[in-house]
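Chains as they are written, first to last, in my numbering: chain Y, 129 to 650; chain C, 7 to 426.
The hints are simulated quantities; they were obtained by calculation from the structure and are not laboratory data.
As the structure is a computational prediction, the values presented were derived from the model and not from experiment.
Don't take every hint at face value.
[Claimed, not checked] No more than 20 Å apart at the CA atoms, straight line, and that leaves these computed lysine to aspartate or glutamate pairs for EDC-like:
#	chain 1	residue 1	chain 2	residue 2
1	C	K253	Y	D245
2	Y	K207	C	D258
3	Y	K169	Y	D387
4	C	K239	Y	D387
5	Y	K638	C	E44
[What the hints assert, rightly or not] Looking from chain C toward chain Y, a few residues come up when the C-beta cut is under 8 Å (computed):
#	residue
6	H111
7	L191
8	L194
[Said to hold, decoys possible] Pair ranges (Cβ atoms, derived):
#	chain 1	residue 1	chain 2	residue 2	range
9	Y	M621	C	K278	50 to 56 Å
10	Y	D615	C	A313	18 to 24 Å
11	Y	P257	C	P237	58 to 64 Å
12	Y	E170	C	L243	21 to 27 Å
Backbone N, C-alpha and C define an ideal beta-carbon position, used for all residues, glycine too.
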Amino acid sequence: MKHKLLLTVMTFFALNAFAQESKINDVNTFLLRNAGSIMNKENDVDGYYFYYVADKLKKGEREFAIQILDKNLVEVAKKSYVDNKNTFLMTSKFNNSAMMFAMANYKTKEINLLTFDKQANQKETFTIPLESKEIRYIQLLQATGDFNVLFPVENRGFLFNKVEDNKKIGYSLKYYPTDGGKSWEYNSPDNAKAILSINPIEVNEKVIVALEFSRPSAMSRKITINTKVIDVNTGKLLFEREYSKKKNPRMINNAFLNDDNSVVFMGEFFKEGDNIYDDASLGLFTEVIDFTGKTIKENLSSWETDVAKVYNTKAVESGNGKKQSAKGTSKIKDKGYIYFHDIVKTNTGEYYAIGEYYKKTVSGAGLAMAVLSQGGNSVTQITIDDAVIFKFDADFKLTGVTEYDKGKSRAPSLSDFGSPQLNAHSLEAFGAFDYEYTQVDRKNDRFYACFIDYERLKGEKNKNAFKTIIYDDGELSEDKIYLTTTDKNFRVMPAKLGNVLLVEYNKKEKSISLHLEKLNIN
Amino acid sequence: LKSYISAVSLKKIKSFSGSKNYKEIQKILDKNKVAFLEEFADSSYIFDKRINNYLKTIVTEIYKSNATIVPTDFYFFIDKSPIPNAACHGNGIFTVNLGLFEMVHSDDELAFIISHELAHYVLNHGDKTLLSHVEKMNSKNLKRKVNIASRQVYGRRRAISELVKELNYDALGRNRNAEVQADSLGFLFFRNTKFNKSAAVSCLKKLDLSDGMLFLTNPQLKNHFNFDGYPFKDAWLMQDGTLFDLKEKSDDYAFDKDSLKSHPDIPLRVAKLQTYYNDSTATQPSVALLSIKKIASESSIVISVDALRMDLALYQILALSERNEIDIRSYCNTVAGILKRTYELKLAHQFGKYVSPISPFSEEKYLNETRTFLHNIELKNIRKIGLEFCLKHQSEMNNDAHFIATTAFFSQLNPTTKTK
């Protein structure tokens, strides 16, 4: 509450009472080009940025304004930045002692990395020349939500993940220190015969864990995942572990680093020879590997035995308080498949896998369209059903399953002939699932798994609801925010840990207000 | 009062008839009238006979001692704002903020502030500022400058921004002069009254410290919300990490702050006033003022609660309690009520809409601490804090139906804890 006492004569002047004022207001404005949140790997929001065009300058340049809001929506900086008119703000990250913005430009074929120190002073700018195509690839990968263009290394620097368009597509992971340290880069081999991409997913003061994806061609479904552990100080590869069709096929959902110099991988495992994008997985796994690449511990939990056992012993709970089928039959069979979005390890050593049931069904509309287009349209669709949380103990033994009722939502199948898994993976990249994101609060040993559900309500209009499954004190609970009321519409965006940013539109007043709200643990 | 507002506004508009820029002036004054009526309809003002009567005694004394003031069509509205301020609207309407009653130390200080506002009216500052603004906006020079700037192909916004800066500095300079003049004439009015003359300087000095003067009482949150059955958690006062280590916003587009700061107006005004009178006899609050301060504080809490400003309300009630200025029944009912309302707002995901986020630049340490506490506590915490608070004060509030109802509300939320 800033206030200056004036004890004054009140002089209010109507806006636009004069042609001059109207002219001034028209010109003295900043045009918003784009905006986004500054998120860390736990999906915790450090702040928000708004990127404006402030002025037209000579030689095709523009003055841009970068407005930075902190996690509580308080404006903390507004910085002027001059660059070519086609420059856009790709992403921004914060490493706790510096902030980095990736400014891209198709025309000048470069990405400029701007850094700001803790006093909001602009520091060194790194210019990375790259082809327009490469910028576009980065954007496409970024749009999937599973690709880190910029990855902060706490208090030390940032990783920039560059796509290299050589004969095949490769990558270059470059480290830019902000603490005076040395920079390095880790590149895919120039002579690689496959399309390669990399995604850093975890980092500490010693190592970076990154997943390298490799496929023979752009359309190929033969994917090999190489997990790479790289020395954060030198960029040298410490070890890698290949999960391919022939050798231990696995889908990595998450990884994290232990204090004892080991890394834990979590995800789904498959039958030898199976394709992770085409075939049904056999179950879920965790694997602990030390920094020499040796597996210390491995736990598998199979659908057939371990999971079915839990279902058959009626250990399936309903998070919505409704009773499950007394028959105790496996719901997975009834509901089709589960798509796991994330696996979280709690401070007590338990694991929680967050997923959604989905099924391939025949769509009436798709069928009609197929007839009209003489078979050109797909007749099947993916039906997305309830959310489900699998709980595992420290030995990765499944100890419980909790299901959360969700309305069925349908997405068109991308192909009638592809497997449901392939469709699910593709749809996940398009954001067709109801799942939004999971925030992990390590300090309070909590996680927040967020979904958007279309609720079909008896006797009233159906509504979209933002639902969050919250883990706290060893318990799971659910919070819900309806996105429509009689006089208001809401949009929910990620915010600081345990909160959401509500964008509230008042239909009557035609006004928008932004406010942060805590998610409620009941 | 609506008719009064319309009538004085119309009279003011008519007073400009025949002037060069009448239509534009009319447009501005009409808009001001609508804005004031909207504020009026929006319950921005409080009508309390006790406050009005007290203010009337001060104002009457000034009128009585100054025959040059003709108080025709004058009306003093009490604005609900907790910010200590007063204003002259130039048409007979004056506003005095509720927060001003809490800030002033004596009748004398309030009398000087009112004298200052009356001087603005007598000196016709509202009309002069309006005319000056209209003339400036219609001047050939400005029109030419705006046209040149807006026709620029490159750097157009910056050129216009420079013009806006120039206009702002110009207005600022005019306002400073007007304030100094109002101090001088206001002091002449004030000198004729029975009030202690040294209050003028002391009052202005307070204004200089205004930002740091508010919210000075430590609300001692821990003392109020630490219970045997549910101890206070330090994490409730934990603030979020910040992106930057800054004392103020880093703004490349801000107007030159140094230029503004190089002419600090209040010290200048104090120095000027001291040339008229430089005695510093201590002033004392009257019994009437003490009573009005209490009413203002309590009303201010009710207003904050009604506006769902739970942070302000909680700070105000705890500060009163710390200063022993509130009776136990009001304290218990208000605090329990704030906890209940906070719970309901959080449950409906609406709390953040009404309670401001914590600004890293705010200097209001204790208000921020209260705000942080309210933002950080979760439903499960409020359920327990609410019940523990009610149980702690149960014996003192035995027959209070309102408190019993709030206790029942929290008991219901804590089914396993039984009330005594």
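Going down the list of hints, with the structure as the test:
This hinted pair checks out: C:K253 and Y:D245 have alpha carbons roughly 15 Å apart, not beyond 20 Å. Restraint check for Y:K207 and C:D258: satisfied, since their Cα atoms lie roughly 5 Å apart, inside the 20 Å limit. With a C-alpha separation of about 18 Å, the suggested pairing of Y:K169 with Y:D387 holds against the 20 Å cut-off. Between C:K239 and Y:D387 the CA atoms are separated by roughly 28 Å; this puts the pair beyond 20 Å, and the hint is violated.
Distance hint between Y:K638 and C:E44 is fulfilled; the C-alpha atoms sit about 18 Å from each other, no more than 20 Å. Nearest Cβ of chain Y to the Cβ of C:H111: about 15 Å, over the 8 Å cut. The hint is violated. Taken as an interface hint, C:L191 does not check out: its beta carbon lies about 12 Å from the nearest beta carbon of chain Y, beyond 8 Å. With 8 Å as the threshold, the beta carbon of C:L194 stays out of range of chain Y, its nearest partner Cβ sitting at about 16 Å, so the hint is violated.
Range check, Y:M621 to C:K278: Cβ separation about 52 Å, and the 50 to 56 Å hint holds. Between Y:D615 and C:A313 the CB atoms are about 20 Å apart, so this pair conforms to the stated range of 18 to 24 Å. Our hint of 58 to 64 Å for Y:P257 and C:P237 holds, since their Cβ atoms are close to 59 Å apart. About 23 Å separates the C-beta atoms of Y:E170 and C:L243, a value consistent with the hinted range of 21 to 27 Å.
In this structure, the hints that do not hold are numbers 4, 6, 7, 8, in rising order.
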